[in-house]
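Q: Single-letter residue listing:
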Amino acid sequence: MPSMPLAPSREVAAARVQTGQARHISLEHLLPPLILSPSLGALLIFVYIFIGTTFFVSMTNWRTLAIDTSIRQPLFATYGEMFAMPRFQADLRNTVIFTVLFLALAMAVGLVLAILLDHHVLGRAVFRNVFLFPYSLSFIVTGVVWRWIFNPETGVNVLFDITGVNSLLGALGVGPLRPGWLTDPQVVLAVNGALARVFPAAEGLQVQLGIPVALIPTAIAAAWQLSGFAMAMYLAGLSAIPNETREAARMDGASEWQVYRRVVVPMLRPITVSIAVILGHTSLKIFDLIFAMSGVGPGFATDVPGIFVFEQTFKATRYNLGAAASFVMLVLVSAVIVPYLARSLKED
Amino acid sequence: MIRKRYSAIALALSLATAAVSLLAPASVSAQADNQLEVFSWWTSGGEAAALDQLFAGFGARRPSAEIVNATIAGGGGSAARPVLQTRLAGGNPPDTWQVHPGWELLGQYVEAGYVEPITELYQSEGWSQVMPQGLIDTMTRDGQIYAVLAGVHRGNGFWYNKKLLSQHGISVGSSLSFDEFFQAADKLKAAGITPLCVGDSGIWASAELFENTLLGVVGPEKWMGLWNGSVAFDSPEVKQAMTIYGRMLDYQNSDHAALSWDQATKKVMEGSCAFNSMGDWAYGEFHNARLVDNEDFGWVSHPGTDGAFVIVADGFVMARNAPHRENNAEWLKAIGSKETQEAFNPVKGSIPARTDVDRSKFGPYHNWSMDSFKTATLVPSVVHGEAAPAAFQQALNDAVTTFVTNHNVDAFSQALVSGMRAAAPTTGL
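Chains Y and B, in that order, are what the protein sequence lines are.
Each step along the first sequence adds one to the number in my numbering, with nothing skipped, and position 174 is 174.
Each step along the second sequence adds one to the number in my numbering, with nothing skipped, and position 269 is 269.
If we strip away everything but chain Y, and leave its shape as in the complex, we get (with noise of 0.2 Å):
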């Protein structure tokens, strides 16, 4: 290759604009839009016009194994039978309920790892991978394992026959503790009727607003999945706090309990958003684990809109209703993502 001259002259400037160098400029500036377009065109495919074809499913009466795209009238109608279903009420309120219970528990137990892995160096890297390694499991994997720890007759519950717990129980006059765990069809603080009290519509609810007993035991196994990559996220967040800071917080005097809840855990702020993000759309999606743990649940106690979308869509062959609870998840996950995704856009 030839080395160009760095100032070229006037005329031979001019004589590339005139002659075919001003392709060569259209070309540069083509370039870009046409490399990306094989992969634009394939988002626009299988993500865009998916979406619509999903959504206009769900407006159809396509409710059998025969395609079926005539519009369904009234419009709406589908959407409107699914939420009168109690079914789909329970799975509104499991999605809000395991959201909570999942990410407290994740980012709870993920922060504590991470500033203990923080202080104590020795045996750091083996215990970080420790922590870590539940992450790289699949979710059915977690799902079988915990449903036979939460078996009421075979699992955890056996442990509290052996260590005596029960035994120490039955002499205080406490009747032994043999939970139910993934069997239990209980709703505990169900507020059904405080809610009714303000909008009085909520009498219309079919399913009792509360913590789904059920619900719990794969909270936890979801929890014990994911905290090791909440800690992760922590761990990488701490080591960007410069110890100066710490140090100027304890000449001020801060105790160590102070230095962390005034000065380090509001530093870890966008690091919180960021796993509350990820970590929230991953609850809200959730299907393979509830799926393999425990199912729809005891009265649909662990059911979740997933599970319901691929019900209705493979096993009752309603297509439209499943497109429509389909388009509800997304609706929901982008509730989550787009004031995060339009907030970082802002910071850039």
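To be clear, the hints were calculated from the coordinates, so they are not data collected in a lab.
No experiment lies behind these values; they were computed from the predicted model shown.
If a hint is listed, it holds; no wrong ones were tucked in.
Footprint (simulated), chain Y over chain B, 3 or more residues, beta carbon under 8 Å:
| hint | segment |
| --- | --- |
| 1 | 384 to 391 |
| 2 | 397 to 410 |
Cβ-to-Cβ under 8 Å is the rule here; a few derived chain Y residues that face chain B:
| hint | residue |
| --- | --- |
| 3 | Thr64 |
| 4 | Leu65 |
| 5 | Ile67 |
| 6 | Glu81 |
| 7 | Pro86 |
| 8 | Pro152 |
| 9 | Glu153 |
| 10 | Pro185 |
| 11 | Pro298 |
| 12 | Gly299 |
| 13 | Gln312 |
| 14 | Lys315 |
| 15 | Ala316 |
| 16 | Thr317 |
| 17 | Arg318 |
Subject to a maximum C-alpha distance of 30 Å in a straight line, what follows is the list of computed BS3-like cross-link-like pairs (lysine-lysine):
| hint | chain 1 | residue 1 | chain 2 | residue 2 |
| --- | --- | --- | --- | --- |
| 18 | Y | Lys315 | B | Lys239 |
| 19 | B | Lys239 | B | Lys222 |
| 20 | Y | Lys315 | B | Lys222 |
| 21 | B | Lys187 | B | Lys239 |
| 22 | B | Lys266 | Y | Lys315 |
We put the beta carbon where it would ideally sit given N, CA and C, even for glycine.
Given the structure of chain Y, go ahead and fit chain B onto it with the hints provided.
A: Okay, now just chain B, sitting in the frame of chain Y:
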């Protein structure tokens, strides 16, 4: 001009990628000729062994043909059906697939035009003379027959641990009424024995208990009326059945939601509970555990269902535009043949769809079931997709899931009424 050259290469590469991605599907169409693709969800030990008997029957007729065994694991076809639906919708059907007669065959596959009639096989092979007309009717639409059955299970079985019952002074005769069941259940409960075992993880086992109870209360005639719309799901006798079902649930094991159906059967064998309402695939569990008919365990019809035979049958079809028609016709002929039916059914634990088989090849239970098959009214099962559309089947499962925890009869019957309305094939309700 390195930059320009690189740009050109990049452009060419991206265009090539796009071209390949557009052209790729066109090149995948080569298929071997002498094959037969059989789609089923028979993967567990006994089921796979039974499927091998069908393959052997076909192999005797077409030794050179290669069988493509497209089984997909998953109880009751829960994982297989989505795959099948996708393949049918995509115009890439297997040659033949496993199907239940009744609505699943006629409403789901015949209506949508995915299968071809095989009426001429019924004539040429003489099946119409040796298979009950009531059974053939469940596969007939507009005078055309669309499937051939390999074997028939009886859905309304009520199994019990004979030794356990006699220990508590309970004997069961040739039939059991609801009152007799509840008396026995009270006695067992007082002695600290769980009377009824249910394994309803995946809910259908509890739905089957309800199905049998409903049939026992309303009888076969009104049972058929439920599916043609002449009997409503909020009629008094249906609600009465729901109340009895709720009472039966009061006697069930506390860990029912954590168990599968076969684990519940196992609990009956172990003697930790006494009764189990289940189709006769449960017989296979007793048999495999080497328990003796009428000695270790016994059976009657589910209370109230003596005169009825709930059909849970497995058949195979001829796909429309099947890639290997000739082989498929031989496959269906093999399934309907006497030899294959006699080889398949003892392994599968069902009875043959033909009534002219050698009964000495079957044990006491299956001879009892064959007697019932000849004399009882044959009725379709809703839990196994024969009596009503899949959408109603799902609505039933959902309603049962809720009822098991809240025992609300009015909400239960209301859910079934609206489930039937949503499943009706009419549009724009």
